[in-house]
Amino acid sequence: MTRYLTALGRATLDTLSSIGRAGLFLVQSIICLPSREGFHLWLRQMHFVGVMSVAIVLVSGLFIGMVLALQGFTILVGFGADEALGQMVALSLVRELAPVVAALLFAGRAGSALTAEIGLMKATEQLTSMEMIGVDPLRRIVAPRLWAGFVSLPILTVIFGVVGIWGGYLVGVEWLGVYAGSYWSNMQDSVNFVDDVLNGMVKSLVFGLVVTWIAVFQGYDLIPTSEGISRATTRTVVYASLAVLGLDFVLTALMFGDLG
Amino acid sequence: MDDPIMVEVKDLHFSRGNTDIFRGVDLQIPLGKITAIMGPSGTGKTTLLKLIGGQLAPDRGQILIGGQDVHRLSRRSLFKLRRRMGMLFQSGALFSDLDVFENVAFPLRIHTELPNAMIRDIVLMKLQAVGLRGARHLMPSELSGGMARRVALARAVALDPDLVLYDEPFVGQDPISMGVLVQLIKKVNLALGLTAIVVSHDIKETLSIADYVYIIADGRVMAHGTPQTLDVNDDAHVKQFVHGEPDGPVPFHYPAPDFFDDILAPAGQFS
Ligand SMILES: Nc1ncnc2c1ncn2[C@@H]1O[C@H](COP(=O)(O)OP(=O)(O)OP(=O)(O)O)[C@@H](O)[C@H]1O
Ligand SMILES: [Mg+2]
Chain Z
0 MTRYLTALGR
10 ATLDTLSSIG
20 RAGLFLVQSI
30 ICLPSREGFH
40 LWLRQMHFVG
50 VMSVAIVLVS
60 GLFIGMVLAL
70 QGFTILVGFG
80 ADEALGQMVA
90 LSLVRELAPV
100 VAALLFAGRA
110 GSALTAEIGL
120 MKATEQLTSM
130 EMIGVDPLRR
140 IVAPRLWAGF
150 VSLPILTVIF
160 GVVGIWGGYL
170 VGVEWLGVYA
180 GSYWSNMQDS
190 VNFVDDVLNG
200 MVKSLVFGLV
210 VTWIAVFQGY
220 DLIPTSEGIS
230 RATTRTVVYA
240 SLAVLGLDFV
250 LTALMFGDLG
Chain A
0 MDDPIMVEVK
10 DLHFSRGNTD
20 IFRGVDLQIP
30 LGKITAIMGP
40 SGTGKTTLLK
50 LIGGQLAPDR
60 GQILIGGQDV
70 HRLSRRSLFK
80 LRRRMGMLFQ
90 SGALFSDLDV
100 FENVAFPLRI
110 HTELPNAMIR
120 DIVLMKLQAV
130 GLRGARHLMP
140 SELSGGMARR
150 VALARAVALD
160 PDLVLYDEPF
170 VGQDPISMGV
180 LVQLIKKVNL
190 ALGLTAIVVS
200 HDIKETLSIA
210 DYVYIIADGR
220 VMAHGTPQTL
230 DVNDDAHVKQ
240 FVHGEPDGPV
250 PFHYPAPDFF
260 DDILAPAGQF
270 S
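Sequence order for the protein chains is Z and A. According to numbering that gives the first Met the number 0, the first sequence is numbered sequentially starting from 0. According to numbering that gives the first Met the number 0, the second sequence is numbered sequentially starting from 0.
Take these hints with a grain of salt, some might be off.
[What the hints assert, rightly or not] Below 20 Å or equal to it, Euclidean Cα-Cα: the simulated EDC-like pairs (lysine to aspartate or glutamate) are:
1. A:K79 - A:E112
2. A:K203 - A:D159
3. A:K185 - A:D201
4. A:K79 - Z:D135
5. A:K9 - A:D19
6. A:K186 - A:D161
7. A:K49 - Z:D188
8. A:K49 - Z:D194
9. A:K49 - Z:D13
10. A:K185 - A:D2
11. A:K49 - A:D25
12. A:K79 - A:D2
Since the hints were derived computationally from the structure, they do not count as laboratory data.
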């Protein structure tokens, strides 16, 4: 019993101290003056973190939109409401699926890569040697990656949403024969810019911050061995995915909770 | 040893987990000289360099560089101090996303406002000195271990620092590049008057360039002196180390239970 309590206490302390370290880490890295040099580093990371994730987001967005239209159509047609298909596809994507699925894909594609990359730099003493040259790796390595993550996930989410709506159009209108005019006009009437689009963007901003933060911190804080790197990479994907799903519930409750 | 002191280590204590690595080490590194630090593998030479560079903090004692206590500096002043230091890591630690040229240029681009043409000249000079001017476009992954270490050496002296810490500069070098490196370290020391700390196991080479030598074993300074005085030192430990004899008071093995007991341990008692 005592042993159990001790273990519990230690685990709690470990968790708290690691959250503390992670918080300090975030603050130290994102607070920095913009500079030309920093801008170049950030652009480079935008390429690795953002641009390289576009393909997977395009393909997934397309398929999710297509499946949504297919599923939605079979339900809606039963009520004779198949012209509401556009509304259904757009609202599901904008409010939920685009921010959440894009964030999950981002955690798997970019998050794991960030952890492994920074972890390997740590294991090969590149971070220490940078410190010895008098350059703070938080500024030079971590900050551009964090900023690239914050900025690129919302953009990826928009791409996901747009492609998804187009995929819904392909299946609903081109294949299942919903009238194109009602697909688009229903969508326009029902999607509210502030309530839906803006809230969806807020979600993806929060997800972008949390996923990149977890990924970069796991890389920076890992035990510098090959086993440590593989564990940290797994942790990034698991923690980031759980955080996205949990936060999604919290944010949705805050944004739409007072409706009902 | 009446020269002015560049680095002073006072009563240094440091432990990792339950192992005491240093138990009261005192060192004085004279300004403008080459000081060698030698000792059996695993005694903490790399750890000592990391303590001097401020990456690790001692449990007790002080390390002064030019009179400043390294471990009391703010992060900012520490980084400023490090600009005047170069360190050659045991593993090389080249930046894997930059090619050889950019690795050597890195400290220059960060800390100077020199125009590109001048940076290019300096980098090519440093690479020429380590014999790798022709390898400037290679990525670190395309270098052999010995080449990577030479590039790292060029990077460590790129800014012409006041103090250079060399961790095992000669490991993995063929006899020719070894000779070149030994001369190189001596030459930059003479020409620029920089202070060097060389950690190495290559006794002959190290003693040939060092002005002063510390031998560390067992968490303490076991002996120190000029190469000449150490060579004629009668202490059994020193003799064994300087002449590289396998048998003697300095243990070759990491602490372990008796070998025969270990080998003959009955099945089920393996640990
Ligand atoms: N990160 C670490 N965590 C725990 N112990 C460590 C760590 N790094 C080194 N040690 C221990 O510290 C001791 C000194 O290590 P160090 O690397 O300083 O030795 P060294 O004198 O440089 O050896 P070598 O000549 O083989 O390079 C070793 O016994 C090692 O087991
Ligand atoms: Mg070492």
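Given the hinted pair A:K79 and A:E112, is their Cα-Cα distance within 20 Å? OK: A:K79 and A:E112 at ~16 Å, within 20 Å.
Given hint A:D19 paired with A:K9 - CA-CA distance at most 20 Å: holds (16 Å)
Between A:K49 and Z:D13, does the CA-CA distance stay at or below 20 Å? violated (26 Å)
Holds or violated: are the alpha carbons of A:K49 and Z:D194 at most 20 Å from each other? At roughly 55 Å apart (the allowed maximum being 20 Å), Z:D194 and A:K49 break the hint.
Would the hint linking A:K49 and Z:D188 be met if the CA-CA limit is 20 Å? violated (65 Å)
Compare the distance between the alpha carbons of A:K203 and A:D159 with 20 Å, and conclude whether the hinted pair is satisfied. violated (26 Å)
Given the hinted pair A:K49 and A:D25, is their Cα-Cα distance within 20 Å? Distance ~16 Å between A:K49 and A:D25 Cα, so the pair holds.
For the pair we were handed, A:K79 and A:D2, check the Cα-Cα distance against 20 Å. violated (25 Å)
20 Å Cα cutoff - pair A:K185, A:D2: Roughly 18 Å between the alpha carbons, so the hint for A:K185 and A:D2 holds.
Pair hint outcome, A:K79 versus Z:D135 [Cα-Cα no greater than 20 Å]: holds (11 Å)
Checking one constraint from the list: CA of A:K185 to CA of A:D201, max 20 Å. Satisfied? With Cα atoms ~15 Å apart, A:K185 and A:D201 stay inside 20 Å; holds.
Please verify whether A:K186 and A:D161 have alpha carbons no more than 20 Å apart. Between A:K186 and A:D161 the Cα gap is close to 14 Å, so the pair holds against 20 Å.
Violated hints, listed in ascending order, are 2, 7, 8, 9 and 12; each of the other numbered hints is respected by the structure.
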